[in-house]
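Full structure from sequences and hints, please.
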Amino acid sequence: MRRFSWFNTVSLTLGFTFLYLPMVLLVFYSFNESRLVTVWAGFSTKWYGELLRDQAFLDAAWVTVKVAVFSSTLATILGTMAAYVLVRAGRFHGRTLFSGMIYAPLVMPEVITGLALLLLFIGINLDRGVFTIVLAHTTFAMCYVSVVVSSRLTTFDRSLEEAALDLGCSPFEAFRLVTLPIIAPAVISGWLLAFTLSLDDLVIASFTTGPSATTLPIKIFSAVRLGVSPQINALSTIMIAIVTIGVITASILTKRAAVAQKRDEQAAIRAE
Amino acid sequence: MAQTVFAPWTDPAQKPIIEFRNVTKTFGDFTAIHDLSLNIYEREFFALLGPSGCGKTTMMRMLAGFETATSGDIFLSGKDIGHVPPNQRPVNMMFQSYALFPHLSVWDNIAFGLRRESKDKNFIGDRVEEMLRLTRLTKFARRKPHQISGGQRQRVALARSLAKAPKLLLLDEPLGALDRKLREQTQFELMDIQEKTGTTFVIVTHDQEEAMTVASRIAVMDEGNLVQVATPAEIYEAPNSVYVADFIGDVNIIEGRATQPGTKIGIAWAEGQPPILATPAKSVEAGQSLHFAIRPEKVTIDTERPDRPNTFRGKVIDIAYLGNISTYHVELAGGQMIKAQMVNARRLANRHITWEDEVWVGFTDTAGVVLEE
Ligand SMILES: Nc1ncnc2c1ncn2[C@@H]1O[C@H](COP(=O)(O)OP(=O)(O)OP(=O)(O)O)[C@@H](O)[C@H]1O
Ligand SMILES: [Mg+2]
Chain V
1 MRRFSWFNTV
11 SLTLGFTFLY
21 LPMVLLVFYS
31 FNESRLVTVW
41 AGFSTKWYGE
51 LLRDQAFLDA
61 AWVTVKVAVF
71 SSTLATILGT
81 MAAYVLVRAG
91 RFHGRTLFSG
101 MIYAPLVMPE
111 VITGLALLLL
121 FIGINLDRGV
131 FTIVLAHTTF
141 AMCYVSVVVS
151 SRLTTFDRSL
161 EEAALDLGCS
171 PFEAFRLVTL
181 PIIAPAVISG
191 WLLAFTLSLD
201 DLVIASFTTG
211 PSATTLPIKI
221 FSAVRLGVSP
231 QINALSTIMI
241 AIVTIGVITA
251 SILTKRAAVA
261 QKRDEQAAIR
271 AE
Chain E
1 MAQTVFAPWT
11 DPAQKPIIEF
21 RNVTKTFGDF
31 TAIHDLSLNI
41 YEREFFALLG
51 PSGCGKTTMM
61 RMLAGFETAT
71 SGDIFLSGKD
81 IGHVPPNQRP
91 VNMMFQSYAL
101 FPHLSVWDNI
111 AFGLRRESKD
121 KNFIGDRVEE
131 MLRLTRLTKF
141 ARRKPHQISG
151 GQRQRVALAR
161 SLAKAPKLLL
171 LDEPLGALDR
181 KLREQTQFEL
191 MDIQEKTGTT
201 FVIVTHDQEE
211 AMTVASRIAV
221 MDEGNLVQVA
231 TPAEIYEAPN
241 SVYVADFIGD
251 VNIIEGRATQ
261 PGTKIGIAWA
271 EGQPPILATP
281 AKSVEAGQSL
291 HFAIRPEKVT
301 IDTERPDRPN
311 TFRGKVIDIA
321 YLGNISTYHV
331 ELAGGQMIKA
341 QMVNARRLAN
351 RHITWEDEVW
361 VGFTDTAGVV
371 LEE
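Line by line, the protein sequences are chains V and E. Numbered according to UniProt numbering, the first sequence spans residues 1 to 272. Numbered according to UniProt numbering, the second sequence spans residues 1 to 373.
No lab work stands behind these hints, which were simulated from the structure alone. Since the structure is predicted, the reported quantities are computational estimates derived from the model, not experimental observations. For every residue, glycine included, the Cβ atom is placed at its ideal position computed from N, Cα and C. Please note: incorrect hints may appear among the correct ones.
Unchecked claim - Here are the computed lysine-lysine pairs in the DSBU-like style, where the Cα-Cα straight-line distance is at most 35 Å:
1) Lys196(E) with Lys255(V)
2) Lys167(E) with Lys144(E)
3) Lys46(V) with Lys219(V)
4) Lys196(E) with Lys167(E)
5) Lys255(V) with Lys139(E)
6) Lys144(E) with Lys196(E)
Claimed, not checked - From the structure, some residues in chain V lie toward chain E, with a derived Cβ separation under 7 Å:
7) Asp54
8) Ala56
9) Leu58
10) Asp59
11) Ser159
12) Leu160
13) Ala163
14) Leu167
15) Cys169
16) Ser170
17) Val178
18) Leu180
19) Pro181
Here it is, written out as structure tokens:
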């Protein structure tokens, strides 16, 4: 290990403090006995218990998970298809326009996307609720998925698909049996991205939701307007925990796969 | 060998399995294939030869269905296949880049095509094992493509294209990455497969020796054109142009002018030197400028003047010892270089011609080819 100079140590400490101090405080106060957020009155997990008894929060959590799962799955399917067509179709008329239009929502202010969708849903007389949030999240998450997938597809060797066709696959079979398994990591990370985007979206969800469906971010936001409660801290701590566990699991899985592959390779060499 | 009697291209009643009819292929404003017509017959082992970028892979890709001809038609067994998609052609191709599926094991790569058309597990298993044995890959069946060597990958690609036993097999440089011994073995395996299954092979190769060994006919290409299509022996002994003569094997090319027209002509090639006596394939006019092409192994080298129709005096400039043969580079009058090849029947110490020696080169009046252009 190399030693850090004092300058590096200081900047590292500052940087990490800046990043993590707020979260550490939040986690810390979620275990506070007192109702007052800024006064420490001893360790307690009572707010977690209260959270679990609060039906409104549980409903919101359920809505959020449903929305995230459905919208990220839909976005992954549509985004992958869009990416595939844009990368594969070659130079068709208006291709540049199409790819530009796919990426435009990435830089579109969320308020505008939300408003536009709201107008659409009102226009076609769609009852606002879980379904409309799913549609809205699919719309904006799809762009992210298609960016991730198309960057993988541009480096994908076209002759692999040709080989599959040559061996008797229909174009769809070639996609399912050859292209998809090879680009799967990009598709999965596109899904994860869409999932987290949906999980923490506040703006678009507030525009497109109705009275029947409240997501966690909306719930937290409206609760905080009445004052920060330790309950909210507890909820946020749980969300942090979920995200952390997810990230760690993902990295362990990737590492395991790499280790397994290395082991296979060595076994194969011995077999010679 | 069977190939001496196998010559469907000489029989007008034979229907070709592949027919290119005035096929042109352009990429943008670049013409890769230029108004090309060609017939390939069933059970042929047809070799495409030519320098890099002359359009060999493009021809293969049109046969496999990955490129459509810009103009002209391609027929397979009498049917126009211009708009038949690749997966509906009875054709398999071995890609120059191998195109192995990285996520599948060697075994699954080979089984891939079989699984598309058959559900019978036992049949697929047997066939894959057979292909693995044929290409000596049995030990590597469970490995992924990135876990095997370049030559092994090439064999997987070959096995995968052979597995379905198609009517027409396109091999784009199938053996380039193999060592000489394995390459020769595989060449014979291919010929054997062909004898057994009657598959028609179209093979691209950069190795002339390979083309000579395996091919029933060779097409020599240059910038999208066919220069000559003929049997290996014809291509070698009777090239139709300087390009072909120069492309296949080693050759001496001497420029000159016809002096005495007739069945035997003289070719004046240097001031004050006797003309070369040669036998042209067609009649030539006096004064016409010609190229005389002669293979080094048809030129003899002696210290005494030999009794041959053509003899010229020269000096040995260089000797290339190749083990079984030696090539002598001899400078004739006027600076003309000529290569003569001799079989090393005797051991090294006994050879009597060496650098700077004054020697006589000689050849008969039918040994060389007279080329107009
Ligand atoms: N998709 C394409 N777009 C533009 N030009 C192409 C394309 N494919 C091939 N060409 C050009 O067509 C010509 C013939 O290419 P081809 O791949 O058939 O060569 P080749 O004879 O197989 O060469 P090699 O021996 O190097 O494999 C080349 O000049 C190549 O640059
Ligand atoms: Mg090629």
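Worksheet entry | Hinted contact Leu167(V) with chain E - closest CB pair below 7 Å | Hint on Leu167(V): holds, closest Cβ of chain E at ~3 Å, below 7 Å.
Discussion item. Check whether the Cα positions of Lys196(E) and Lys167(E) lie no farther apart than 35 Å.
Written reply: holds (13 Å)
Item to complete: Take the C-alpha atoms of Lys196(E) and Lys255(V), compute the straight-line distance between them, and say whether it is at most 35 Å.
Response: violated (49 Å)
Item to complete: Hold the hint about Leu58(V) up to the distance rule: shortest CB distance to chain E must be less than 7 Å.
Response: violated (41 Å)
Worksheet item: Is the hint on Leu160(V) kept, meaning its closest Cβ partner in chain E is under 7 Å away?
Response: Holds: closest Cβ of chain E sits about 5 Å from Leu160(V), inside 7 Å.
Worksheet item: If you take the shortest Cβ to Cβ gap from Asp54(V) to chain E, is it below 7 Å?
Response: violated (47 Å)
Fill in: Given hint Lys219(V) paired with Lys46(V) - CA-CA distance at most 35 Å
Holds, at about 20 Å.
Discussion item. Tell me if the straight-line CA distance from Lys255(V) to Lys139(E) falls inside 35 Å.
Written reply: holds (28 Å)
Worksheet item: For the hint on Asp59(V), does the least C-beta distance to chain E fall short of 7 Å?
Response: violated (42 Å)
Worksheet item: Are the Cα positions of Lys167(E) and Lys144(E) separated by 35 Å at most?
Response: holds (29 Å)
Practice prompt. Let me know if the C-beta of Ala163(V) comes in closer than 7 Å to any C-beta of chain E, holds or violated.
Written response: holds (4 Å)
Worksheet item: Against chain E, with CB atoms and a cut of 7 Å, does the hint on Val178(V) hold up?
Response: holds (6 Å)
Of the numbered hints listed earlier, those contradicted by the structure are 1, 7, 8, 9, 10, 18.
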